[in-house]
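Visitor: Chains as they are written, first to last, in the working numbering: chain R, 1 to 112; chain U, 1001 to 1114.
Worth flagging that the hints you see were computed from the coordinates, not collected in a lab.
All clues stand as given, with none of them false.
DEER-style ranges, computed between Cβ atoms:
hint, chain 1, residue 1, chain 2, residue 2, range
1, R, His75, U, Glu1054, 37 to 43 Å
2, R, Lys59, U, Ala1014, 45 to 51 Å
3, R, Gly82, U, Leu1114, 33 to 39 Å
4, U, Glu1062, R, Gly16, 47 to 53 Å
5, U, Arg1063, R, Val28, 29 to 35 Å
6, U, Arg1110, R, Ile109, 17 to 23 Å
7, U, Leu1083, R, Pro8, 27 to 33 Å
8, U, Ser1065, R, Glu17, 46 to 52 Å
Glycine included, each C-beta is placed from N, C-alpha and C at the ideal position.
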Amino acid sequence: TQLLEQSPQFLSIQEGENLTVYCNSSSVFSSLQWYRQEPGEGPVLLVTVVTGGEVKKLKRLTFQFGDARKDSSLHITAAQPGDTGLYLCARYSGGGADGLTFGKGTHLIIQP
Amino acid sequence: DSGVTQTPKHLITATGQRVTLRCSPRSGDLSVYWYQQSLDQGLQFLIQYYNGEERAKGNILERFSAQQFPDLHSELNLSSLELGDSALYFCASSVGPFSNQPQHFGDGTRLSIL
Chain R
1 TQLLEQSPQF LSIQEGENLT VYCNSSSVFS SLQWYRQEPG EGPVLLVTVV TGGEVKKLKR
61 LTFQFGDARK DSSLHITAAQ PGDTGLYLCA RYSGGGADGL TFGKGTHLII QP
Chain U
1001 DSGVTQTPKH LITATGQRVT LRCSPRSGDL SVYWYQQSLD QGLQFLIQYY NGEERAKGNI
1061 LERFSAQQFP DLHSELNLSS LELGDSALYF CASSVGPFSN QPQHFGDGTR LSIL
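The following block holds chain R by itself, in its conformation from the complex (with noise of 0.2 Å):
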């Protein structure tokens, strides 16, 4: 089984700080996609990056897919409560027939 290491595990931190989790693997990835779950609902897809060294931008949020597509980050500016939740990574390793692998995740509190 190909797993995806999602790090930190846990983090609480004050409104308005950054912060920046980490999403690795020891095998490449065809694309990755994160995905935010609240409490309570599915996840909700954020972005799909696909080449190595990409860089995505949500309002506060930056994605970035590492130049060997191992592994990617994901860095939030001024953090808000509304950012609070569940910060899942899914690889998908191609070849047709494959289903999303995801990590465990980040359990992300934004304290007002």
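For this one, chain R is given, so just place chain U on it according to the hints.
Guide: Coordinates of chain U only, in the frame set by chain R:
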């Protein structure tokens, strides 16, 4: 609202029993995916159907089975239930057959085995 509907929201049953979880995909989506989420294992892919046919299989136990009907809704059948089957079960849907296309998740069914 993702447009994906899962029923029931909560299910409580006993060991050895059988349950059926239902999923209606977003309008226009042909793929349905089933996932299991637990605290220790995280979110794990179980199985995918595309336009009525099984397309991909993940960590699905032999006691579990699924199908997708002509109207594209899907059911996940769990039998001979064990305490360890207690988890959140999510359904997701996407337009096409490839897992890296955007998937839209329902709000899940929480299954508790007593």
